[in-house]
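Protein chains: 2
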Amino acid sequence: MADIIIHEVGPRDGLQAEKQSVPTAKKLEWIRALDGAGVDIVQIGSFVHKEKVAQMADTDELFGILAKEEHKAVYSGLALNEKGVERGLACGVQMFCLGVSASDTHSYKNTRMSAEDALRRVVAIAKEVLASGARVQVSVQSAFGCGFEGRVPEERVYRMVGSYLEAGLTNISLADTAGHAHPAQVRRMFSAIHDLSPDIHCTCHFHDTYGLGMANVYAALESGVTSFETSFAGLGGCPFTKVVAGNVATEDLVHSFQRTGSCKEINLSELVNVAQEVSNYFGREMTGRVHKSGFLSY
Amino acid sequence: MADIIIHEVGPRDGLQAEKQSVPTAKKLEWIRALDGAGVDIVQIGSFVHKEKVAQMADTDELFGILAKEEHKAVYSGLALNEKGVERGLACGVQMFCLGVSASDTHSYKNTRMSAEDALRRVVAIAKEVLASGARVQVSVQSAFGCGFEGRVPEERVYRMVGSYLEAGLTNISLADTAGHAHPAQVRRMFSAIHDLSPDIHCTCHFHDTYGLGMANVYAALESGVTSFETSFAGLGGCPFTKVVAGNVATEDLVHSFQRTGSCKEINLSELVNVAQEVSNYFGREMTGRVHKSGFLSY
Numbered sequence: 001m002a003d004i005i006i007h008e009v010g011p012r013d014g015l016q017a018e019k020q021s022v023p024t025a026k027k028l029e030w031i032r033a034l035d036g037a038g039v040d041i042v043q044i045g046s047f048v049h050k051e052k053v054a055q056m057a058d059t060d061e062l063f064g065i066l067a068k069e070e071h072k073a074v075y076s077g078l079a080l081n082e083k084g085v086e087r088g089l090a091c092g093v094q095m096f097c098l099g100v101s102a103s104d105t106h107s108y109k110n111t112r113m114s115a116e117d118a119l120r121r122v123v124a125i126a127k128e129v130l131a132s133g134a135r136v137q138v139s140v141q142s143a144f145g146c147g148f149e150g151r152v153p154e155e156r157v158y159r160m161v162g163s164y165l166e167a168g169l170t171n172i173s174l175a176d177t178a179g180h181a182h183p184a185q186v187r188r189m190f191s192a193i194h195d196l197s198p199d200i201h202c203t204c205h206f207h208d209t210y211g212l213g214m215a216n217v218y219a220a221l222e223s224g225v226t227s228f229e230t231s232f233a234g235l236g237g238c239p240f241t242k243v244v245a246g247n248v249a250t251e252d253l254v255h256s257f258q259r260t261g262s263c264k265e266i267n268l269s270e271l272v273n274v275a276q277e278v279s280n281y282f283g284r285e286m287t288g289r290v291h292k293s294g295f296l297s298y
Numbered sequence: 001m002a003d004i005i006i007h008e009v010g011p012r013d014g015l016q017a018e019k020q021s022v023p024t025a026k027k028l029e030w031i032r033a034l035d036g037a038g039v040d041i042v043q044i045g046s047f048v049h050k051e052k053v054a055q056m057a058d059t060d061e062l063f064g065i066l067a068k069e070e071h072k073a074v075y076s077g078l079a080l081n082e083k084g085v086e087r088g089l090a091c092g093v094q095m096f097c098l099g100v101s102a103s104d105t106h107s108y109k110n111t112r113m114s115a116e117d118a119l120r121r122v123v124a125i126a127k128e129v130l131a132s133g134a135r136v137q138v139s140v141q142s143a144f145g146c147g148f149e150g151r152v153p154e155e156r157v158y159r160m161v162g163s164y165l166e167a168g169l170t171n172i173s174l175a176d177t178a179g180h181a182h183p184a185q186v187r188r189m190f191s192a193i194h195d196l197s198p199d200i201h202c203t204c205h206f207h208d209t210y211g212l213g214m215a216n217v218y219a220a221l222e223s224g225v226t227s228f229e230t231s232f233a234g235l236g237g238c239p240f241t242k243v244v245a246g247n248v249a250t251e252d253l254v255h256s257f258q259r260t261g262s263c264k265e266i267n268l269s270e271l272v273n274v275a276q277e278v279s280n281y282f283g284r285e286m287t288g289r290v291h292k293s294g295f296l297s298y
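Chains S and W, in that order, give the protein sequences.
Be aware that the first sequence starts at 1, since it is given in the working numbering, and climbs by one per residue.
Be aware that the second sequence starts at 1, since it is given in the working numbering, and climbs by one per residue.
Hint data in this document are derived by calculation from the structure and do not stem from the laboratory.
Among the clues, some could well be false.
Copies of the same chain look alike in the list, so a pair counts if it fits in one copy or across any two.
What the hints assert, rightly or not - Derived DSBU-like pairs: lysine-lysine, alpha-carbon spacing no greater than 35 Å straight-line:
1) K68 to K83
2) K292 to K83
3) K52 to K264
4) K83 to K264
5) K109 to K264
6) K127 to K292
7) K50 to K264
Whenever a hint applies, use it, and build me the whole structure from the sequences.
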């Protein structure tokens, strides 16, 4: 079985949806624990303007501190534009995540640009990142449907992925920002995208708005996807979509994958501890299951 | 595509896990709404001794009232023994559900009998029900793992299903009472069981203890299962298992199936209303998603 990559996006996609601010020291504690638990990639934050998402204001500081420490995980950061990449390169980002929404409405709300314009810009920025020597992942957001527009034509997503591939960008994530994906669609779309290039490395990212997050994870896995973006305790949600709902919980996904022999290098107890601490910190019940129910060890 | 059967077990499996009692009039309201929404089968209650599960004390009364009304849904009832069947036949049960746990520990806690002894008894009772003209469904509980014992040998489940089939009992449900099932196992086991007889009609029943409920539903669907036991708002849990967690939510499953063209005869708005009323009644956040997020109509 192919190696599974877990990309923990809790410190970014999880926390950006939260009003209650998290001190830098607390974020560092969680991120170090995630690294210690053996997660492959941890997304530290987003290089968005601090007035737009205050929770992400310490992203540069976090990278500055973490880049000096020993760590096994790759630390990724989300950049929205040239300025974000510049900030990221200055503070030691190892992997840049850049994305474009497949929905014009969502794209405008997020970037004040149409999907086409945003795509051209992101491709140009991503090529610069590659030239700088850092890793880059490009994504199509709202790839499976849009909270505002509803159905997103699959052909549009394939064209966007095609543009990435033409530019030599092969590390591609499809994000179900609104949670509209269903398993048959996930299977169909990842199969079609895998057919576009033998070099493509696909990542998936599912929100659980309508209860299909984990079912979609399995549909993606069965379509050859080996890389999964998930969030501790199931936290998360894009602040610029319509119905905000959390991500698939990291510890739930790792728990289920471990039962069939994958992700064995990850320390699930430590992941569960982080999820419990995150849940305690915000003082409310989170959607993730395993940090509440405990886990099966057979 | 084969017709999908939705068996709503909320009034039984959902409510039996709740301490706060629900008045008979309120149950009637919910059950009538479920029937009106077009659910195929509604499980009204359990013929358990009222001192064991007080919430089920009005089961005979509910059937007595509902049997006299016009309804499209089949009304099912859970019987644990001969006495239960006798009570059920007296008040107009259309479909009896009988079950045996594949785990001795769970079986003892539930029935004070070993799995083998309970199986012999249930087979004998089920044959009597068939002879009476009522429908019968027999189940294997803890079929995918046990909260107390952990792994349940799959061969044991196949033998139990084989005993049912030998007795002419072809309407068979596998229940994941503890929520241990994972998609690969679900696919393997339902495939094996479908191979046992061309006459078998399989039903599945998944608890969401570890976040895999809906993923298991899709694995079952892909293995040819067309009949699903679910509970409004995701309520539920066997009072005699170790880690209690809710069922897959009826409205979440119907919502996702409708998106690919199944279950079109069910009125989803009405299902969502019931789930919201159940949630409001108990005054806490339920695990079902669609009754909180609204639903997609494309």
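Each hint, compared with the structure:
{"no.": "1", "hint": "K68 to K83", "result": "within (23 Å within a copy, 72 Å between copies)"}
{"no.": "2", "hint": "K292 to K83", "result": "neither (40 Å within a copy, 38 Å between copies)"}
{"no.": "3", "hint": "K52 to K264", "result": "neither (39 Å within a copy, 42 Å between copies)"}
{"no.": "4", "hint": "K83 to K264", "result": "neither (38 Å within a copy, 49 Å between copies)"}
{"no.": "5", "hint": "K109 to K264", "result": "between (40 Å within a copy, 34 Å between copies)"}
{"no.": "6", "hint": "K127 to K292", "result": "neither (43 Å within a copy, 41 Å between copies)"}
{"no.": "7", "hint": "K50 to K264", "result": "neither (38 Å within a copy, 47 Å between copies)"}
Of the numbered hints stated above, those contradicted by the structure are hints 2, 3, 4, 6, 7, listed in ascending order.
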